[in-house]
Amino acid sequence: MCLAIPARVVALLDDENCTVDLGGVKKTVSLALVEDVVVGDYVIVHVGYALSRLDPEEAARTLALFAEAGIDPGSTPEAA
Amino acid sequence: MNGLGGLHLRAQWDGRAVSAVSVENSRPMAASVLAGRSVDEAVSLVPVMFSLCGRAQGLAARAACAAARGDDLSKLDAQEAERAVAVETAQEHLWRLLIDWPALFDMPERRSRFASFHKRLRGIAERPESAFDVGGELLDLVVLDLFGGFFRSAREPVTLSEFVECARASGDVGEVLAALLDMGASVPESADMALVRPRPAADWVACLGGLPSPAYCRAPTLAGVPCENGVLARQADSRMVSSLIAHRHRIAARLFARVVDLVDCASRLRRPLADDVLPLVDAMAMQDGIGLASVESARGTLLHVVSVDGDTVVDYAIVAPTEWNFCPGGPFEREASGWTAPDRETALRRLRALTLSLDPCVEYSLELVDAVDDGGGYA
Numbered sequence: 001m002c003l004a005i006p007a008r009v010v011a012l013l014d015d016e017n018c019t020v021d022l023g024g025v026k027k028t029v030s031l032a033l034v035e036d037v038v039v040g041d042y043v044i045v046h047v048g049y050a051l052s053r054l055d056p057e058e059a060a061r062t063l064a065l066f067a068e069a070g071i072d073p074g075s076t077p078e079a080a
Numbered sequence: 001m002n003g004l005g006g007l008h009l010r011a012q013w014d015g016r017a018v019s020a021v022s023v024e025n026s027r028p029m030a031a032s033v034l035a036g037r038s039v040d041e042a043v044s045l046v047p048v049m050f051s052l053c054g055r056a057q058g059l060a061a062r063a064a065c066a067a068a069r070g071d072d073l074s075k076l077d078a079q080e081a082e083r084a085v086a087v088e089t090a091q092e093h094l095w096r097l098l099i100d101w102p103a104l105f106d107m108p109e110r111r112s113r114f115a116s117f118h119k120r121l122r123g124i125a126e127r128p129e130s131a132f133d134v135g136g137e138l139l140d141l142v143v144l145d146l147f148g149g150f151f152r153s154a155r156e157p158v159t160l161s162e163f164v165e166c167a168r169a170s171g172d173v174g175e176v177l178a179a180l181l182d183m184g185a186s187v188p189e190s191a192d193m194a195l196v197r198p199r200p201a202a203d204w205v206a207c208l209g210g211l212p213s214p215a216y217c218r219a220p221t222l223a224g225v226p227c228e229n230g231v232l233a234r235q236a237d238s239r240m241v242s243s244l245i246a247h248r249h250r251i252a253a254r255l256f257a258r259v260v261d262l263v264d265c266a267s268r269l270r271r272p273l274a275d276d277v278l279p280l281v282d283a284m285a286m287q288d289g290i291g292l293a294s295v296e297s298a299r300g301t302l303l304h305v306v307s308v309d310g311d312t313v314v315d316y317a318i319v320a321p322t323e324w325n326f327c328p329g330g331p332f333e334r335e336a337s338g339w340t341a342p343d344r345e346t347a348l349r350r351l352r353a354l355t356l357s358l359d360p361c362v363e364y365s366l367e368l369v370d371a372v373d374d375g376g377g378y379a
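Residue numbers (this note's numbering), protein chains in the order written: chain A, 1 to 80; chain B, 1 to 379.
A hint or two may mislead.
To spell it out: a stretch of chain B is covered by chain A in this simulated footprint if at least three of its residues, at any positions, have a beta carbon under 8 Å from a beta carbon of chain A; those stretches are [as the list claims (entries may be wrong)]:
1. 28-38
2. 48-61
3. 359-370
Bear in mind the hints are in silico, worked out from the structure with no lab data behind them.
Every residue, glycine too, gets a C-beta built ideally from N, C-alpha and C.
In isolation and in its complexed conformation, chain A is listed as follows (with noise of 0.2 Å):
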């Protein structure tokens, strides 16, 4: 029941990484379990894999509903 927050890729880098800003803080994720991902698609982190790809409408929506309900991206494990 991890809370699934989005996560803006900003730079795709090599060996299947990329670089995502989750809250402002960046972190390098691998890209293993996901396709056809590209710069400005949000992904679902968890520890250090990318597990799926968000429209940035969905994206959107979810980070709206996480922030309605108190809960700051910033300060996800993902980011620290």
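Keeping the supplied structure of chain A fixed, place chain B upon it in accordance with the hints.
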């Protein structure tokens, strides 16, 4: 811990044994954000709210809401639901078996193998006809690779030494299993624990009696008794799992049960909804306007209970496996202390193995602190 909360696990090392343990669970009860929304909105939000077991969560929401509204549950696509949960569970089990367990014992992680299976499994959603073949590949992985030694033996191991011998002759998971057994019995004599066995939704309706309170969701019990929820509870009838439990090697039993559960997923992908097994998704109306769904998810039995008024969600409760396993008096607390270890490093590794075997669905931190006496040494 962080903005999302999580588990903080703290154990005390006295130089010879882990003498005390505490669990702080600070994750938010996310289901509360669903109250006041339309039923359709809630059903569409749930699968995107959770990064892990999103499909199981989504199916539980859909089935519980349908039951609450008095919809015809037979109209839900049971075969598709069964396949979706089996896919998700297999992906989670492979993560543990190919990445997390080898890493804990300093063995190579099999990332490319994991990624390859993960993608094959995900593709089943678009090509359901591939489920039979992918299920077969999973069976091959277990029989020929992860646990080959057990299936090459003339007979199943009976004694613990036979078990270790068999495990050593197996693949990566067998080696991890042997290492766990070498660490010694993992459960204190007094740590027997009741199990949340798979059961129809009707049984849960009878057990809960109504919408569970936030306090129950945080620390669920059966008739007031803390229980273990997860693969061990689900596969406790397996002869080798029960043998490991009897030998008080409960961490190893959970690892073995995860492999058995992976085989079960493969079987369900090949022949979903077989007559002689319970379906992975079940639902039932509790009373007018209240519906319950139970889903056998990767981490154990997941319950959603929803109260609706027309098309509006009035109240929503989720009872997740992690709360069973990390609540006061639950399996983590019972097994994390009361045993000795030759050194601090071994104690910490066993605590990590215990946590991994219970597979919490949230981020966690694990801290082993030294108990000191007044003189500054170990108590």
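Hint-by-hint comparison with the structure:
1. 28-38: Contact hint for the stretch 28-38 of chain B vs chain A: holds, 4 residues under 8 Å.
2. 48-61: holds (count 8)
3. 359-370: Result for this restraint: holds, n = 3.
When the structure is compared with the earlier hints, no violation turns up for any of them.
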